[in-house]
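Make a model of the complete structure from these sequences and hints.
Listed here are the chains, written in short residue letters.
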Amino acid sequence: MAAEGSRSVFRLNAVDRRGRKIEPAVLEAAEGIYSRALEHGLKLLGDPAVVTTALEEVAATVSRVIKGKDPPGDLAQVRDLRAYMFRAFLRHVNHLKRKELALVSLNEAGKMAEPPWAGALRELETKMLLDECLAQCDFIAQDMAWRRMQGFSWEEVGKIHGLSAHAAEARFSHALQQARERLKI
Amino acid sequence: MRNNKKRKEINEEEFFGFAKSYLSEAFPNPQRIDCPPDSELTRLAEHPREANPSVSQHLTCCSPCFNRYMEILADLKRRKTG
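These protein sequences, in sequence, are chains C and Z.
For the first sequence, the numbering used here assigns the number 15 to the initial residue and increments by one for each residue that follows.
For the second sequence, the numbering used here assigns the number -7 to the initial residue and increments by one for each residue that follows.
Each hint should be verified, as a subset may be incorrect.
[To be verified] Among the chain C residues that face chain Z by a calculated CB cut under 10 Å, a handful are: (1) 35; (2) 37; (3) 143; (4) 149; (5) 153; (6) 164; (7) 165; (8) 166; (9) 175; (10) 176; (11) 183.
These are computed hints drawn from the structure, not numbers from a lab.
Glycine residues also receive a C-beta, built at the ideal position from the N, C-alpha and C atoms.
Here it is, written out as structure tokens:
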């Protein structure tokens, strides 16, 4: 659990609840995104303590990933640490929420034909799929997504990237399918 | 634990509809932390291959920039079709 610090920056612990150390640069990035992470995390998890613990866990995991890079601790390989941290946090929170909804579904299974959690679970899975897809796909697939959201046709999207409509659609579908496979949705 | 019944897969229209609605509200960022200038968003819309990829990444977690980018794209689409 975190400790209260100055008014502008919330202080997190330098170790997570499992005792894993958080590197100073990662800790600083985690504290920098804390207010936004808390705001978003509360919508899904509802408890500031759970959200803070989740952020510390993500920071510890990111610290280990960075330590494992060659050369160890090379931050230059992470282009924007705060953005990287925030996306990792989103995915972790999604994962926690999915587990929670799965438990509800087990408890409620068989009680009704159209249980109320079904819609919530489907919405969460769509959100997870979107977060995973946007976090992992390449720049071009991401750009295709922005344009499709604004109603561009595949033909228009393909033209911008020097591809046919079919090739553009196939490229994005592949990125989405990869995200589905990673999440097992 | 997953549901044993196979759920209907979300189609593309639903996916992009959900994405636009979710990204437009989920990340308020009132202090506009790490936001790029408007010119970078315009460059991303008009010349994506020359744009900084980190601007596109930023849109995944900032609703004000996402909404502004959607406006720029809508304007670009109008100009191209008009």
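For this session: List, from low to high, the hint numbers that the structure doesn't satisfy.
Result: The structure breaks hints 1, 2; every other hint is satisfied.
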